[in-house]
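Here are the chains, one letter per residue:
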Amino acid sequence: MDTAFFLRWIAAVTERVRADRDHLTDLDRAIGDADHGANLDRGFTAVEEALAGKPPQTPAEVLTTTGNTLIRKVGGASGPLYGTLFRTLGRSVGDVAEVSQEVLAEAFAQALAAVMKLGSAQEGDKTMIDALAPAVQKMRASLEAAAQAAHDGARATTPMRARKGRASYLGERSIGHQDPGATSMALVIDALRAA
Amino acid sequence: MVGIVLISHSAALAEEAVALAVGIAGEDAPIRPAGGTDDGDLGTSLTKLEEAVAEVDQGDGVVLIMDLGSAVLTARTFVEDRADVVLADAPFVEGAVNALVTAGTGAALDEVVAAAEEARTIGKLC
Chain X
1 MDTAFFLRWI AAVTERVRAD RDHLTDLDRA IGDADHGANL DRGFTAVEEA
51 LAGKPPQTPA EVLTTTGNTL IRKVGGASGP LYGTLFRTLG RSVGDVAEVS
101 QEVLAEAFAQ ALAAVMKLGS AQEGDKTMID ALAPAVQKMR ASLEAAAQAA
151 HDGARATTPM RARKGRASYL GERSIGHQDP GATSMALVID ALRAA
Chain R
196 MVGIVLISHS AALAEEAVAL AVGIAGEDAP IRPAGGTDDG DLGTSLTKLE
246 EAVAEVDQGD GVVLIMDLGS AVLTARTFVE DRADVVLADA PFVEGAVNAL
296 VTAGTGAALD EVVAAAEEAR TIGKLC
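For the record, the sequence lines run as chains X and R. Letter by letter, the first sequence follows residues 1 to 195 of the working numbering. Letter by letter, the second sequence follows residues 196 to 321 of the working numbering.
Hints should not be assumed to be uniformly reliable.
[Stated by the list, open to error] Simulated DEER-style distance windows between Cβ atoms: (1) X:Asp-152 x R:Glu-246: 27 to 37 Å; (2) R:Gly-318 x X:Gln-110: 35 to 45 Å; (3) R:Val-217 x X:Arg-163: 30 to 40 Å; (4) X:Ala-4 x R:Gly-221: 28 to 38 Å; (5) X:Asp-152 x R:Ala-278: 39 to 49 Å; (6) R:Ala-214 x X:Asp-2: 45 to 55 Å; (7) X:Asp-2 x R:Ile-219: 50 to 60 Å; (8) X:Gln-101 x R:Gly-318: 51 to 61 Å; (9) X:Lys-54 x R:Ala-207: 32 to 42 Å.
[Said to hold, decoys possible] A short list of chain R residues far from chain X (calculated; beta carbon distances all over 12 Å): (10) Val-217; (11) Gly-218; (12) Arg-227; (13) Asp-233; (14) Leu-263; (15) Val-267; (16) Pro-286; (17) Gly-299.
Keep in mind the hints are simulated off the structure, nothing from the lab. Bear in mind the structure is a predicted one, so any value in this text is a computation, not a measurement. Note that the Cβ used here is the ideal one computed from N, Cα and C, for glycine as well.
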């Protein structure tokens, strides 16, 4: 997986976030503050501009620019969380021209740990971790298996009661709604297959 | 002097919290707000946070006091690269007042953080 692969991944994420913007915002309207789709769309649109403005030369540069831009431009809690995910991926793959699936899987494991630490979240808290953690477990096997695990993980958030994030203020009322952060995380991981 | 930055989801809340703290504690130490997104919506701006920290930074360290959600996450992300900027796990308003009073005495960074965090343990009805 070379620089072009990672650029295609980010482009696919940007396209899907734009297409699913209203769906993500609707999920967030149910148990949050109805800005998740708009925030991510603003963030990835800024990423698109940043990558076009200064074309990256390595996979790590693609990932680091993406992370830094999301932290600066998203405005909501998903900015630092997704920003940390991509920055940690960038740091972990290192200054190389090609990334193997094994290195990517290890980078995702480190990114999962970093995002969990930043948000003080565990699996089962009804957050993006519920899509990311099962995907990381499958990433060494195949990107298809990881994407499937992410989607299954996102769907499994519906009956959960939120213990972290904006939805946790709702207590019992957070039950019965799929988590917007887990849903967008599944979209991000699924886009790896299109890269 | 230790500097203080109040980070809120809301620009108005951050500004008013600074005004309240200064009204009670005086402005012997520098304190600035960093609230809302770049567009003025609810949320947090790393750019506003960086600017506020630069304004209050006199070389003795800076304490960040946050309200909730993205304010906490943005602050945590910011301090990853800055050993001289410290998060206080404190109630937003009471922590700000305590921190400003203590910073105004010329106290060190760890003392200002401790003063802010002490506000958590002080009850309002007892």
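Comparing the hints with the structure gives:
{"no.": "1", "hint": "X:Asp-152 x R:Glu-246: 27 to 37 Å", "verdict": "violated, 43 Å"}
{"no.": "2", "hint": "R:Gly-318 x X:Gln-110: 35 to 45 Å", "verdict": "holds, 42 Å"}
{"no.": "3", "hint": "R:Val-217 x X:Arg-163: 30 to 40 Å", "verdict": "holds, 37 Å"}
{"no.": "4", "hint": "X:Ala-4 x R:Gly-221: 28 to 38 Å", "verdict": "violated, 58 Å"}
{"no.": "5", "hint": "X:Asp-152 x R:Ala-278: 39 to 49 Å", "verdict": "holds, 41 Å"}
{"no.": "6", "hint": "R:Ala-214 x X:Asp-2: 45 to 55 Å", "verdict": "holds, 53 Å"}
{"no.": "7", "hint": "X:Asp-2 x R:Ile-219: 50 to 60 Å", "verdict": "holds, 58 Å"}
{"no.": "8", "hint": "X:Gln-101 x R:Gly-318: 51 to 61 Å", "verdict": "holds, 55 Å"}
{"no.": "9", "hint": "X:Lys-54 x R:Ala-207: 32 to 42 Å", "verdict": "holds, 36 Å"}
{"no.": "10", "hint": "Val-217", "verdict": "holds, 27 Å"}
{"no.": "11", "hint": "Gly-218", "verdict": "holds, 29 Å"}
{"no.": "12", "hint": "Arg-227", "verdict": "holds, 19 Å"}
{"no.": "13", "hint": "Asp-233", "verdict": "violated, 7 Å"}
{"no.": "14", "hint": "Leu-263", "verdict": "violated, 9 Å"}
{"no.": "15", "hint": "Val-267", "verdict": "violated, 8 Å"}
{"no.": "16", "hint": "Pro-286", "verdict": "holds, 17 Å"}
{"no.": "17", "hint": "Gly-299", "verdict": "holds, 31 Å"}
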